[in-house]
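Undergrad: Residue numbers (our numbering), protein chains in the order written: chain A, 1 to 192; chain B, 193 to 384.
Read the hints as simulated data drawn from the structure, not as lab findings.
Just so you know, not all the hints are guaranteed correct.
[What the hints assert, rightly or not] Here are the simulated DSSO-like cross-link-like pairs (lysine-lysine), alpha carbons at most 30 Å apart as the crow flies:
{"id": "1", "chain 1": "A", "residue 1": "Lys161", "chain 2": "A", "residue 2": "Lys181"}
{"id": "2", "chain 1": "B", "residue 1": "Lys373", "chain 2": "B", "residue 2": "Lys353"}
{"id": "3", "chain 1": "A", "residue 1": "Lys161", "chain 2": "B", "residue 2": "Lys373"}
{"id": "4", "chain 1": "B", "residue 1": "Lys373", "chain 2": "A", "residue 2": "Lys181"}
{"id": "5", "chain 1": "B", "residue 1": "Lys353", "chain 2": "A", "residue 2": "Lys181"}
{"id": "6", "chain 1": "B", "residue 1": "Lys353", "chain 2": "A", "residue 2": "Lys161"}
For clarity, every value in this text was computed on a predicted model and none was experimentally measured.
Spelled out, the chains give:
2 protein chains.
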Amino acid sequence: MATYTIFGTGNMANAIGGVLAAGGAAVDHISHEQGAGATITGDVVVLAVPYPAVAEILGAYADQLAGKTVVDITNPLNFETFDSLVVPEGSSAAYEIQRALPDSIVLKAFNTNFAATLASGTVGGSGTTVLIAGDDGDAKAALAAAVIAGGLRAIDAGSLKRAHELEALGFLQLTLAAAEKISWTGGFAVAN
Amino acid sequence: MATYTIFGTGNMANAIGGVLAAGGAAVDHISHEQGAGATITGDVVVLAVPYPAVAEILGAYADQLAGKTVVDITNPLNFETFDSLVVPEGSSAAYEIQRALPDSIVLKAFNTNFAATLASGTVGGSGTTVLIAGDDGDAKAALAAAVIAGGLRAIDAGSLKRAHELEALGFLQLTLAAAEKISWTGGFAVAN
């Protein structure tokens, strides 16, 4: 079974770590305080940090990330306006990370899930579904299996190009929650 | 109460007409067979046709559409590849329609709902929610009220810029259904 190193110690980092650990996976975290000098022990690395913190991680850890699966969970909002994303139009944070890490396998996942729904396993009566996009089918299947082992549902959402749509969904969901039109324990559920 | 003219007689046109009629609104349809010569009687016009059919309607009916609320429900997929949209990156069908109809109030709505969920009123275990984007608050509120009167839920999803995100959501949902990862009676539900 793959081992996981999660960058970040916030709500999302802890919720994702909880799901993976519940499925029996070994999980460790690298905190911001550890800076640039930590050793990545996991086979799969989850970037569970705000998008503005990603560039520093890529700069410091690019060598260690080579050959690994890198899971991008970010929603690259302009947090000043809450009205646009900071990645180029048509692109996605995940695509930009893949360009910066050509020797890694980048997946997009978890960005459409609020932390509370990862912890509870439910979104308004439905089981929480993790949508996963990426160009490597084996890596997607392995992450999906780990998520399902942890008690959630998982759907292969397509190629890494679909990260654009997943980030649009995550963006929309965040704007609805910020406007109190949905709650942070709800959001988009996926019904079969 | 506003009256509605729906372009189209397909599954979506009929499902939307059914919701509005259930709420007590007067609804009529203009079919493709009526061509360019019909009279639009409704205060609100719903373009419930495939996106490639919109340009012809705008060309033939621009004068009649001036001053009215125009509801765009399209998902402008490239139906050959199912891998991209045919509108410019960062834009949306709704935004392009608004540019073509500067004297109309364009709203985006219904594009994230499969026809079956409009008819049944449920997605998974949740009530079907119609997401509405647009720049005119009164027009959005009136459409939301008509949808709610028809037995569904409605959420103001923000300005017309958010049509980009709604179309990304609709696109993603269609790809998942086409790949049989979700069913045409399911899809994205919105949990409060």
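Undergrad: Is the hinted pair B:Lys373 and A:Lys181 satisfied, with a Cα-Cα distance of at most 30 Å?
TA: holds, 28 Å
Undergrad: Would you check the hint for B:Lys373 and B:Lys353, treating anything up to 30 Å between C-alpha atoms as holding?
TA: holds, 29 Å
Undergrad: If you draw a straight line from the CA of B:Lys353 to the CA of A:Lys161, is it 30 Å or shorter?
TA: holds, 21 Å
Undergrad: Check whether the Cα positions of A:Lys161 and A:Lys181 lie no farther apart than 30 Å.
TA: Holds: A:Lys161 and A:Lys181 sit about 29 Å apart, inside 30 Å.
Undergrad: Hinted pair, alpha-carbon criterion (30 Å max): B:Lys353, A:Lys181. Please report holds or violated.
TA: Given that 30 Å is the threshold and the Cα spacing comes to 18 Å, the pair holds.
Undergrad: If you draw a straight line from the CA of A:Lys161 to the CA of B:Lys373, is it 30 Å or shorter?
TA: Between A:Lys161 and B:Lys373 the Cα gap is close to 18 Å, so the pair holds against 30 Å.
In terms of the numbered hints stated before, the structure departs from none.
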